[in-house]
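Note that the protein sequences, when read in sequence, are chains A and B. Note that this note's numbering numbers the first sequence so that position 15 is 15, with each residue one more than the last. Note that this note's numbering numbers the second sequence so that position 316 is 316, with each residue one more than the last.
No lab work stands behind these hints: they were computed from the structure. Just so you know, not all the hints are guaranteed correct.
Identical copies look the same in the list; a pair holds intra-copy or inter-copy alike.
No farther apart than 20 Å at their CA atoms in a straight line, the calculated lysine to aspartate or glutamate pairs in the EDC-like style are these [as the list claims (entries may be wrong)]:
{"#": "1", "residue 1": "K178", "residue 2": "E191"}
{"#": "2", "residue 1": "K5", "residue 2": "D291"}
{"#": "3", "residue 1": "K347", "residue 2": "D358"}
Number of protein chains: 2
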Amino acid sequence: MKRTKIKELLARSAPLDKVLVKGWVRTKRDSKEFSFIEVNDGSCLASIQVIVDAGTPGSDALPNISTGAAISVSGELVTSPGKGQAFEIRSHELELVGVAPESYPLQKKRHSDEFLRTIAHLRPRTNKYGAIMRIRSKTSHLIHRFFEEQGFFLIHTPVITGSDCEGAGEMFRITTVKGTTPASEDFFGQETNLTVSGQLSAEMMALALGDVYTFGPTFRAENSNTSRHAAEFWMLEPEMAFCDLVGNMDITEALVKYVVSGVLDTCAEDIALFANFVDKTLMTTLTSLRDDAYVRLAYRDAIDILQSAKKDFEYPVSFGTDLQSEHERYLAEEHFKKPVFLYNYPKGIKPFYMRVNDDGETVAAMDLLVPRIGELVGGSQREEREDKLLERMKELELPEEDYWWYLDSRRFGSVPHSGFGLGFERLLMLLTGITNIRDVIAFPRTPGSIEF
Amino acid sequence: MKRTKIKELLARSAPLDKVLVKGWVRTKRDSKEFSFIEVNDGSCLASIQVIVDAGTPGSDALPNISTGAAISVSGELVTSPGKGQAFEIRSHELELVGVAPESYPLQKKRHSDEFLRTIAHLRPRTNKYGAIMRIRSKTSHLIHRFFEEQGFFLIHTPVITGSDCEGAGEMFRITTVKGTTPASEDFFGQETNLTVSGQLSAEMMALALGDVYTFGPTFRAENSNTSRHAAEFWMLEPEMAFCDLVGNMDITEALVKYVVSGVLDTCAEDIALFANFVDKTLMTTLTSLRDDAYVRLAYRDAIDILQSAKKDFEYPVSFGTDLQSEHERYLAEEHFKKPVFLYNYPKGIKPFYMRVNDDGETVAAMDLLVPRIGELVGGSQREEREDKLLERMKELELPEEDYWWYLDSRRFGSVPHSGFGLGFERLLMLLTGITNIRDVIAFPRTPGSIEF
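Based on the provided sequences and hints, a complete structural model is requested.
Below is the structure:
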């Protein structure tokens with residue numbers, strides 16, 4: 001007989017004569033005549049209650065069936081007389097599959113997030129971390145489905161790169177040689193790094209295939225131990241040919257709404273856990289993200305708002321300054337109380353590939369600011385004009401020869417195009433209210449931390 | 001007006017008064033009264049024919065509209081009088097968006113794969129490479145959809161790893177320091193590498209969530225320049241709790257059939273290109289993969305077949321030898337003429353984590369062998385018994401302390417579980433008949449080759 005997952009059983013509308021369930025014991029209570037076992041199989045947050053009569057085949061294993069043990073139960077799915085759950089299982093046969101001795105670290109009590117990080121291999125067996133992993137999976141699937149429905153092609157841009165294309169951040173170096181062996185004798189014959197962005201590669205594909213996206217691991221070697229930075233994280237980077245900044249914001253807004261709406265619809269139980277125990281404002285944030293029209297505001301106007309705000313910011317702002325998280329959050333959380341696109345940023349604080357506006361001092365950049373997180377998305381219309389691009393590269397002293405292929409795309413059939421980057425873990429923090437990036441990644445990598 | 005993609009236009013059942021198309025010129029023919037332009041926008045293999053009457057607004061740009069140029073055309077979608085295509089566009093207005101001077105490398109003539117690798121940033125603009133990128137995208141989407149439908153959770157296992165868990169191959173080292181600085185002063189405080197497999201991490205998640213899969217970039221620092229090896233490639237690794245070797249083969253077979261069937265249904269035009277111009281046997285292979293029941297054969301019986309085969313193999317075989325590609329292909333291509341699972345391999349040629357069978361000399365491993373490729377999938381039931389696992393680790397002199405977390409999973413609620421690895425690029429080579437792995441990856445990484 002094939003096992004049925006608990007998620008399927010609990011979604012049924014009618015009882016069932018014969019079921020086989022396999023999973024891990026969350027709790028067990030014994031009385032003289034029965035034992036009650038809560039079994040969870042990871043398919044959903046809820047466990048199912050199993051009732052084992054004394055004398056049931058296999059019930060001699062009951063003394064060894066403790067929290068964390070794996071069991072197999074065949075029996076009857078019956079309507080539950082208790083509150084909370086529609087069904088429970090009357091066991092006909094019980095099997096202890098794998099014991100969990102008393103040293104099992106996840107005994108029934110609350111554990112701190114800090115402690116659970118030290119047992120990242122076991123923490124997905126808890127309610128909270130099981131829930132975040134299911135939401136992470138569903139969010140990924142929703143992203144893929146959104147882009148597939150919109151006619152985008154998924155591309156895989158390389159992790160190993162020979163260029164530091166954007167200067168987006170500190171890079172990890174990759175090598176197969178030791179000590180002072182010159183890079184020319186290394187595996188690739190030159191210095192190579194872990195990618196900080198797949199954008200430039202994605203542009204090449206968009207200029208052939210139309211609409212594309214890359215979604216994969218991205219790296220920063222920044223030695224800062226904060227709750228918002230990891231050395232390895234996932235980034236979504238769509239790139240659209242024949243698309244301007246307005247189209248870029250349209251797609252960003254449609255994507256975020258699609259994902260939030262999909263998660264609310266399909267992960268209701270897991271989301272409720274976070275809304276109840278992690279962030280009391282979560283449902284308000286998520287319904288706003290799903291239902292509100294996002295504000296679209298020029299950077300220049302944002303500066304005006306921030307300057308006249310009755311608020312003591314740590315960092316002062318004026319035209320030309322890069323906004324800090326405190327400013328971004330003020331705009332989204334306090335001033336507008338909903339997501340805000342800022343666009344047309346000063347040229348000086350943005351990378352070389354962004355399209356220079358007619359005013360000569362701003363570029364067609366946009367950031368999406370959201371409550372609690374600040375910047376969720378950063379994007380731009382790309383500079384498609386070869387002469388303007390070369391001008392910017394000269395200003396920033398970027399060596400033309402390193403970018404020959406990128407420049408080629410502006411020489412041969414260049415078209416207006418746009419794209420953005422969305423930090424996947426930031427999206428997950430937004431969706432769950434979790435405040436430490438280490439807790440939305442299965443096995444996080446941060447300075448000094450490489451276990452598992 | 002919003003542009004419509006060519007794929008959508010060609011799928012229509014009726015003409016349309018007003019359309020806007022944007023794309024790249026494949027060819028142009030001029031006559032006195034008309035010009036005929038084939039426009040491709042990457043949404044599908046087919047281009048659409050545009051007819052521009054002399055004197056149409058924008059037609060003064062015609063002399064500069066050459067192969068590779070980007071144009072925008074508004075006009076009427078009319079039934080095509082010619083053969084081959086249902087519709088064409090009568091242009092009302094033409095705009096040259098981006099020129100392509102004569103130096104554009106993709107003029108209309110056949111180019112060698114070798115040459116096209118040197119312009120990997122432009123090659124997706126050709127029929128063949130556009131097709132492979134669309135098939136790559138669709139195949140990814142089908143994989144995600146298959147597992148989502150089966151209730152699997154997508155997990156992201158880390159690329160940066162502190163362990164060389166399997167000894168699966170040579171690894172790239174990651175560093176942020178130079179020269180002879182000791183690893184203890186490096187970013188992670190120890191030596192770290194690029195992952196060769198996410199399996200051990202995936203097992204931890206399967207033992208919490210049930211059925212999971214990881215699908216991401218994987219690395220080998222093997223300095224071999226062959227048509228089948230790349231330093232960076234994508235690997236799919238599902239892992240299933242409460243699943244034995246038979247279940248493992250069942251899921252593998254269902255997945256491959258689902259993907260092949262889906263690609264045949266949704267990428268018919270692109271697949272036809274490969275069937276016509278790359279591999280004349282492609283359709284036979286693909287329909288066999290979709291329709292035939294896969295053979296399931298014990299390794300021991302395969303040895304018998306190979307030993308009695310009327311065929312001169314370069315390498316002799318006997319029980320205990322690792323099969324070579326020639327043996328794998330003989331079984332799948334000549335002897336059975338369909339996909340073959342081999343299972344129960346000798347313990348000595350397989351890694352420590354595979355479950356030892358009761359005979360004490362074989363392990364519950366399985367490989368899926370397919371025509372032309374040889375091994376497409378390698379998997380096993382994992383050793384869930386702590387004592388047996390420790391025994392194997394001692395035999396292979398693996399340090400216990402490095403695997404404390406892996407061993408934990410056998411101490412706390414251990415259950416029978418299985419999984420496999422599928423090389424994504426091998427699958428794409430199987431689906432297209434392409435024989436060089438460099439040609440199914442957007443920007444391939446091989447020894448000495450890191451451009452783009």
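These are the hints, each one checked on the structure:
In this assembly of identical chains, K178 and E191 lie within 20 Å of each other by CA distance both inside one copy and across copies; the values are 13 Å within and 12 Å between. Taking the closest pair of Cα atoms, K5 and D291 never come within 20 Å of each other, the shortest separation being 33 Å inside a single copy and 29 Å across copies. Taking the closest pair of Cα atoms, K347 and D358 come within 20 Å of each other only inside a single copy of the chain (12 Å); across copies the shortest separation is 69 Å, beyond that limit.
Of the numbered hints given earlier, the model fails hint 2 alone.
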